[in-house]
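Keeping the supplied structure of chain A fixed, place chain B with the ligands upon it in accordance with the hints.
The residues making up each chain are set out below.
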Amino acid sequence: MRKVDILIVGSGIAGLSSAIKAKSLGADVAVATKGVATKSNSVMAQGGMNVALGNIDRDSPNLHISDTLKSSHNLADKEMVSKLCNGGIDAIKFLEEIGVPFSRLDGADTPLKSIAQRALGGASAKRACYAQDYTGLKILHTLIDGAVNLDIPIFEGLFLLELIKNNDSEVCGGLFFNFDSGEIEPIYAGKVIIATGGFGAIYSKNTNSATSTGDGLSAILKAGGELSNLEFVQFHPTTLKGSNILISESARGEGGYLVNCEGERFIDELSTRDKIAKAIFEQLKQNREVFLDLRHIGKEKLEHLMPQELKLIKQYANTDATQELVAIEPAVHYTMGGASVNEQFEVIGLKGCYCIGEASNANVHGANRLGGNSLLEAVTFGLLGASEALNTTASKIEEQKFNYILPIAKDSDNLEVYKAKNSLSDTLFKQVGIIRDEQNLLKALETIEELNIDSLKIDDTPKHSTLLIELLELQNASVLAKALIKSALWRKESRGAHIRSDYQDELIEFEKNSTVSKKDLV
Amino acid sequence: MNIEINSKSYKIEKAVATLLEAMIYIKENTEPTLNFDYGCKSGVCGACSVRVNGKEKLACSYTPQDGDKIEPLKYYPQKRDLIVDKSSQKELLKRVKARLISYNEQVLNSQDEAKTQIQSDCILCSSCYSACPVIEVNSLFAGPFALTKTYKYTIDKREGAVKEHIDVIQSNGVWDCTLCNECTLACPQGIDPKTDIVNLRNLSVQNGYMDPNIGNMSFGGGFGFDANGSF
Ligand SMILES: Cc1cc2nc3c(=O)[nH]c(=O)nc-3n(C[C@H](O)[C@H](O)[C@H](O)COP(=O)(O)OP(=O)(O)OC[C@H]3O[C@@H](n4cnc5c(N)ncnc54)[C@H](O)[C@@H]3O)c2cc1C
Ligand code: SF4
Ligand code: SF4
Ligand code: FES
Numbered sequence: 001m002r003k004v005d006i007l008i009v010g011s012g013i014a015g016l017s018s019a020i021k022a023k024s025l026g027a028d029v030a031v032a033t034k035g036v037a038t039k040s041n042s043v044m045a046q047g048g049m050n051v052a053l054g055n056i057d058r059d060s061p062n063l064h065i066s067d068t069l070k071s072s073h074n075l076a077d078k079e080m081v082s083k084l085c086n087g088g089i090d091a092i093k094f095l096e097e098i099g100v101p102f103s104r105l106d107g108a109d110t111p112l113k114s115i116a117q118r119a120l121g122g123a124s125a126k127r128a129c130y131a132q133d134y135t136g137l138k139i140l141h142t143l144i145d146g147a148v149n150l151d152i153p154i155f156e157g158l159f160l161l162e163l164i165k166n167n168d169s170e171v172c173g174g175l176f177f178n179f180d181s182g183e184i185e186p187i188y189a190g191k192v193i194i195a196t197g198g199f200g201a202i203y204s205k206n207t208n209s210a211t212s213t214g215d216g217l218s219a220i221l222k223a224g225g226e227l228s229n230l231e232f233v234q235f236h237p238t239t240l241k242g243s244n245i246l247i248s249e250s251a252r253g254e255g256g257y258l259v260n261c262e263g264e265r266f267i268d269e270l271s272t273r274d275k276i277a278k279a280i281f282e283q284l285k286q287n288r289e290v291f292l293d294l295r296h297i298g299k300e301k302l303e304h305l306m307p308q309e310l311k312l313i314k315q316y317a318n319t320d321a322t323q324e325l326v327a328i329e330p331a332v333h334y335t336m337g338g339a340s341v342n343e344q345f346e347v348i349g350l351k352g353c354y355c356i357g358e359a360s361n362a363n364v365h366g367a368n369r370l371g372g373n374s375l376l377e378a379v380t381f382g383l384l385g386a387s388e389a390l391n392t393t394a395s396k397i398e399e400q401k402f403n404y405i406l407p408i409a410k411d412s413d414n415l416e417v418y419k420a421k422n423s424l425s426d427t428l429f430k431q432v433g434i435i436r437d438e439q440n441l442l443k444a445l446e447t448i449e450e451l452n453i454d455s456l457k458i459d460d461t462p463k464h465s466t467l468l469i470e471l472l473e474l475q476n477a478s479v480l481a482k483a484l485i486k487s488a489l490w491r492k493e494s495r496g497a498h499i500r501s502d503y504q505d506e507l508i509e510f511e512k513n514s515t516v517s518k519k520d521l522v
Numbered sequence: 523m524n525i526e527i528n529s530k531s532y533k534i535e536k537a538v539a540t541l542l543e544a545m546i547y548i549k550e551n552t553e554p555t556l557n558f559d560y561g562c563k564s565g566v567c568g569a570c571s572v573r574v575n576g577k578e579k580l581a582c583s584y585t586p587q588d589g590d591k592i593e594p595l596k597y598y599p600q601k602r603d604l605i606v607d608k609s610s611q612k613e614l615l616k617r618v619k620a621r622l623i624s625y626n627e628q629v630l631n632s633q634d635e636a637k638t639q640i641q642s643d644c645i646l647c648s649s650c651y652s653a654c655p656v657i658e659v660n661s662l663f664a665g666p667f668a669l670t671k672t673y674k675y676t677i678d679k680r681e682g683a684v685k686e687h688i689d690v691i692q693s694n695g696v697w698d699c700t701l702c703n704e705c706t707l708a709c710p711q712g713i714d715p716k717t718d719i720v721n722l723r724n725l726s727v728q729n730g731y732m733d734p735n736i737g738n739m740s741f742g743g744g745f746g747f748d749a750n751g752s753f
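Residue numbers (this note's numbering), protein chains in the order written: chain A, 1 to 522; chain B, 523 to 753.
Simulated from the structure, these hints should not be mistaken for laboratory data.
Hints are supplied without guarantee of correctness; some may be wrong.
As the list claims (entries may be wrong) - Between beta-carbon pairs, the in silico distance windows are:
no.: 1; chain 1: A; residue 1: S169; chain 2: B; residue 2: E526; range: 50 to 60 Å
no.: 2; chain 1: B; residue 1: V659; chain 2: A; residue 2: T461; range: 33 to 43 Å
no.: 3; chain 1: B; residue 1: A537; chain 2: A; residue 2: G263; range: 28 to 38 Å
Unchecked claim - Each computed DSS-like pair below joins lysine-lysine, with the alpha-carbon atoms no more than 25 Å apart:
no.: 4; chain 1: B; residue 1: K530; chain 2: A; residue 2: K463
no.: 5; chain 1: A; residue 1: K410; chain 2: B; residue 2: K601
no.: 6; chain 1: A; residue 1: K93; chain 2: B; residue 2: K679
no.: 7; chain 1: A; residue 1: K314; chain 2: B; residue 2: K536
no.: 8; chain 1: A; residue 1: K457; chain 2: B; residue 2: K601
no.: 9; chain 1: B; residue 1: K601; chain 2: A; residue 2: K113
To be verified - A few chain A residues that face chain B, going by a derived Cβ cut-off under 10 Å, partial list only:
no.: 10; residue: P61
no.: 11; residue: L63
no.: 12; residue: I65
no.: 13; residue: E96
no.: 14; residue: A108
no.: 15; residue: S114
no.: 16; residue: Y134
no.: 17; residue: Q315
no.: 18; residue: T319
no.: 19; residue: V417
no.: 20; residue: L445
no.: 21; residue: D459
no.: 22; residue: D520
C-beta: ideal position from N, C-alpha, C; glycine also.
Just chain A, with the same shape it has in the complex (with noise of 0.2 Å):
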């Protein structure tokens, strides 16, 4: 039986951050990931991570705080913003003590005052902390490097399918599939954190690690807890049209400017994203393609400061930015909603389990994320949940036996999987997309329920199956993509990332999160 103290699922920089951190407060820790510990939404983060270093221009975390808090739309909660914010000298020592090749400035007189800072959107300075335009590359991988090396196990190929709890309702452990050994394996510990990341994937056009589906929301609710804000699905503004790869807001905050296919710009290209978002949107829908310019910057400037976006933009669109315009169309990019906490990052309605990153709803973000933010809440957050998870008593480990029947049945038509994956994901895009109505929505839950998704099985033997994995993914998005369209049809008011054209004001009345439990899905 496998038994630890602090059991971490996921390996992003939340996860990996946390395990670090338990490791250094004596405790035994395990990190189970359900694929290769170098995949996440993580490891692909490019912009940078907001800290008020005030570097470059003047700043402090009390402008910190209240840019972050104009972005929530009243949603986000003071006090967690503010533990955010004012975390985040913490956790850029702790990273820069670990090893983490920032970009620097010259001539400066600390360590922390020579990290380079860039502009991101809705920030009234440059606060975003960068590895040239590989930060989330650069993080993880010293991350990586520290936990192998601090003895921490990290179990790939371990993924999430339940919540363990004991005979006094405190979770302590989860239950996994193997997808070695192709068998249902449980690691039991005193406490269990949740770091599984968002559910950006689950949609058809989205510019995420395929590896965000929402896999531990899902066992989040299945087990009794409480899931809050999931209709605040961030679109970014900037992916390359046709293959959604991310060109970060670096973009835009180098000086980047978005035309139209007549040459005109028409949206301040530092506004917050779901103000650009809407207004591309709203270009594309007048039948107007939507274009990067970077070409004024010059070539020089660009190899310097965006080396892995030239070569994307080369690569998957085939278009030389330094000379030529990137044509481009908003794609699914973050989610702020996630597991409810607590101030101690304990998930509302368990016991024993918190959740830490992309995964939880800390109330940081409220109804629109500032660009920067979600890897300063993956690190701090994921410090801070380690100590909190350490402060209280273990849950009482109690061994159990398992019946979890994996979907497979001999002679399932197999296709039918990626029949209904392709159906659910295109119906949250059309309909439960940007630009969302009650008839939509209503008409997306149908067609949803109507997929059956529970009820699929393949044909396939379990051991080394992606097909299997692609199934339990599916089963996830779907409960996912319900309980997001009931939160957006509660949700009836115009807010942020929340846009409806059925109702288009903010509404005093709604300025509160909108919650999902157990009893709202069936």
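For chain B with the ligands alone, coordinates are given in the frame of chain A:
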């Protein structure tokens, strides 16, 4: 277009920009039990590396050609179809102590950033490892990505324990490389492990080690080549 995966031929009846798109097409339309790995679809998660006509490529950034032959990476145990067991990567990183061992407070500048910029672009795809002919004859050889990572930490001014890195790459490490350059050619990130290894050899010499292929192993008294390594 037809491509071959592990000697089986598949027809792709759709225009695809990348090999990964072609494989997803096969999985969603003709063979749903085909197994391959991917995550980011944009060249940063390192999961989709395979061999195309004998050369390592990231499926998500390679444009497929008619008749391409796709196989899994070399040296790693094959799990199923194109998926291999890369878990030994982490054992290697541990063996070569690929991390900042002892933080030494330093103020870095843009030149320091430039020194480790390319090495830290590594996505751990293992293309270089699969391309390295030495692994074929010596499975204990640390190989290119692990040595590049070591190099990155040794030249980071914040590292206060450079010697510790150097100590663990003597046996089955820097001197076992034939400098054939295959790793450098294979790397999708433009990293040059061969040159990093040459630089590590110089650092080794500066730290009192010598090339065991030419030197007399019992040379000198205070320093010496630790033939047994430290692991
Ligand atoms: C293209 C892109 C660019 C971005 N750029 C920025 C940026 O510049 N700045 C910024 O602040 N934010 C950015 N973000 C957002 C940011 O990267 C993420 O919000 C953040 O990294 C989330 O970290 P996480 O650790 O919570 O989740 P993730 O990094 O998504 O990690 C989740 C982990 O959980 C694992 N997992 C999932 N399900 C299961 C399961 N069932 N069982 C076991 N393990 C599971 C996954 O495999 C993965 O390891 C970007 C996101 C994307 C997609
Ligand atoms: S140069 Fe050295 S490490 Fe690189 S492939 Fe050749 S033998 Fe291997
Ligand atoms: S050095 Fe290059 S080829 Fe080798 S693992 Fe890193 S990115 Fe891949
Ligand atoms: S899918 Fe991530 S590198 Fe190819």
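Outcome of the hint check:
no. : hint                           : verdict
1   : A:S169 with B:E526: 50 to 60 Å : holds, 54 Å
2   : B:V659 with A:T461: 33 to 43 Å : holds, 35 Å
3   : B:A537 with A:G263: 28 to 38 Å : holds, 30 Å
4   : B:K530 with A:K463             : holds, 21 Å
5   : A:K410 with B:K601             : holds, 22 Å
6   : A:K93 with B:K679              : holds, 16 Å
7   : A:K314 with B:K536             : holds, 22 Å
8   : A:K457 with B:K601             : holds, 23 Å
9   : B:K601 with A:K113             : violated, 47 Å
10  : P61                            : violated, 22 Å
11  : L63                            : violated, 25 Å
12  : I65                            : violated, 28 Å
13  : E96                            : holds, 8 Å
14  : A108                           : holds, 5 Å
15  : S114                           : holds, 5 Å
16  : Y134                           : holds, 6 Å
17  : Q315                           : holds, 6 Å
18  : T319                           : violated, 13 Å
19  : V417                           : holds, 7 Å
20  : L445                           : violated, 25 Å
21  : D459                           : holds, 8 Å
22  : D520                           : violated, 31 Å
When held up to the earlier numbered hints, the structure conflicts with 9, 10, 11, 12, 18, 20 and 22 and fits the remainder.
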